[in-house]
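If you read the sequence shown in our numbering, its first letter stands for residue 1, the second for the next number, and so on.
It cannot be assumed that every hint is accurate.
In silico lysine to aspartate or glutamate, DMTMM-like type, Cα no more than 25 Å apart, as pairs [stated by the list, open to error]:
hint: 1; residue 1: K177; residue 2: E200
hint: 2; residue 1: K177; residue 2: D91
hint: 3; residue 1: K177; residue 2: D256
hint: 4; residue 1: K177; residue 2: E161
hint: 5; residue 1: K177; residue 2: E92
hint: 6; residue 1: K177; residue 2: E206
hint: 7; residue 1: K177; residue 2: D238
hint: 8; residue 1: K177; residue 2: D75
If you are wondering where the hints come from, they were derived from the structure by calculation, not from laboratory data.
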Amino acid sequence: MRAIGVDIGGTSCSVCVGDLGADGVVVRHRTPPRATADHTPLDMLRALAEDIGTCRRLEGPEPAGIGISCGGPLDGRRGLVLSPPNLPGWDELPIVAELSGRTQLPAWLCNDANAGALAEWLWGAGQGCRSMIFLTFGTGLGAGLVLDGRLYCGASDSAGEAGHIRLAPFGPVGFGKAGSFEGFCSGGGIAQLARAMVLERLQAGERPALCPDRDALGSLTAERVGRAADAGDALARDILAVSGRRLGQGLAVIVDLLNPEKIVIGSIFARCRDHIWPSAREVLHAEALPSARDACEVVPSRLGEAVGDVAALTVAYYYGNREREDERP
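Construct the entire structure; sequences and hints are all you get.
Structure below.
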């Protein structure tokens, strides 16, 4: 099956075309990303429709449809983007109707965590599972839920907002909530955690190598902490261990509640697994029900940085095939 994938992000938006089947996914072409801030929402949709036209002109079969991956909140059933925090001005934007109307192709919308879950389930680390959870652990923290062989989106398309769970009374802010799962287990949250832990050392009269003075606190990022941890910095490793313990706490909730076969974790976890997983595993082992814990394997994403294109394409593949199955007598 040939499909178009549209990846909508706060920094950039891009279009790709690929072939999907039993042997996996092959991305045939990807148009240059368009800077989100340089376009109004409707201008961006017009530009993306042009990029879709470029992809359709490639040699090969006509695409069966368009898969759209976008950060939430959104309403996939009505095809609306609902004011995501990283997409100012994208308020109740009818992205499915706009792109489908401009291209005369069917289109389907999915939040990025759900799209990532579908991609990892069908082509990545979750292959062969009936029940699998995907955690983004990137800029933010969201979950995509594949339960009993189907994507589960919930009554209002809001299932999987794991980042909103409060894990501690105080702590880094994520999802607008201090001490949340996203606060402890996201790029922005780890940066906040690093600044707080470094500041404690500075106030105690220490000059940690990770950040020797207050003026440099603003430059602390999760990427910098990860590099320092790889180089053996003890404080950086402590920061990631704290994130890991909170990850274990959140994983225990997921394991006890949903009893999945596998939890696949992307982005920062996949890159920093050696520093995050030991403390996470310890807490998960202590907190989760043994029968559910022992039935679940926690693994890093297999698709890695390519997940964006593959996820968008997989949205079209999954929903296109489901509609064909529903039409069968």
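Hint check:
1. Of the pairs offered as hints, the one joining K177 and E200 holds, with about 22 Å between alpha carbons and a cut-off of 25 Å not exceeded.
2. For the hint linking K177 to D91, the alpha-carbon distance of about 22 Å falls within 25 Å, and the restraint holds.
3. Of the pairs offered as hints, the one joining K177 and D256 holds, with about 23 Å between alpha carbons and a cut-off of 25 Å not exceeded.
4. Straight-line distance between C-alpha atoms of K177 and E161 comes to about 13 Å, which keeps the hinted pair within the 25 Å bound.
5. With a C-alpha separation of about 24 Å, the suggested pairing of K177 with E92 holds against the 25 Å cut-off.
6. In summary, the hint linking K177 to E206 is not supported, as the alpha carbons are separated by about 30 Å, beyond the 25 Å threshold.
7. Between K177 and D238 the CA atoms are separated by roughly 23 Å; this keeps the pair inside 25 Å, and the hint holds.
8. For the proposed pair K177 and D75, the alpha carbon gap of about 23 Å is at most 25 Å, so the pair holds.
Figure legend: structure checked against the earlier numbered hints; the only hint not met is number 6.
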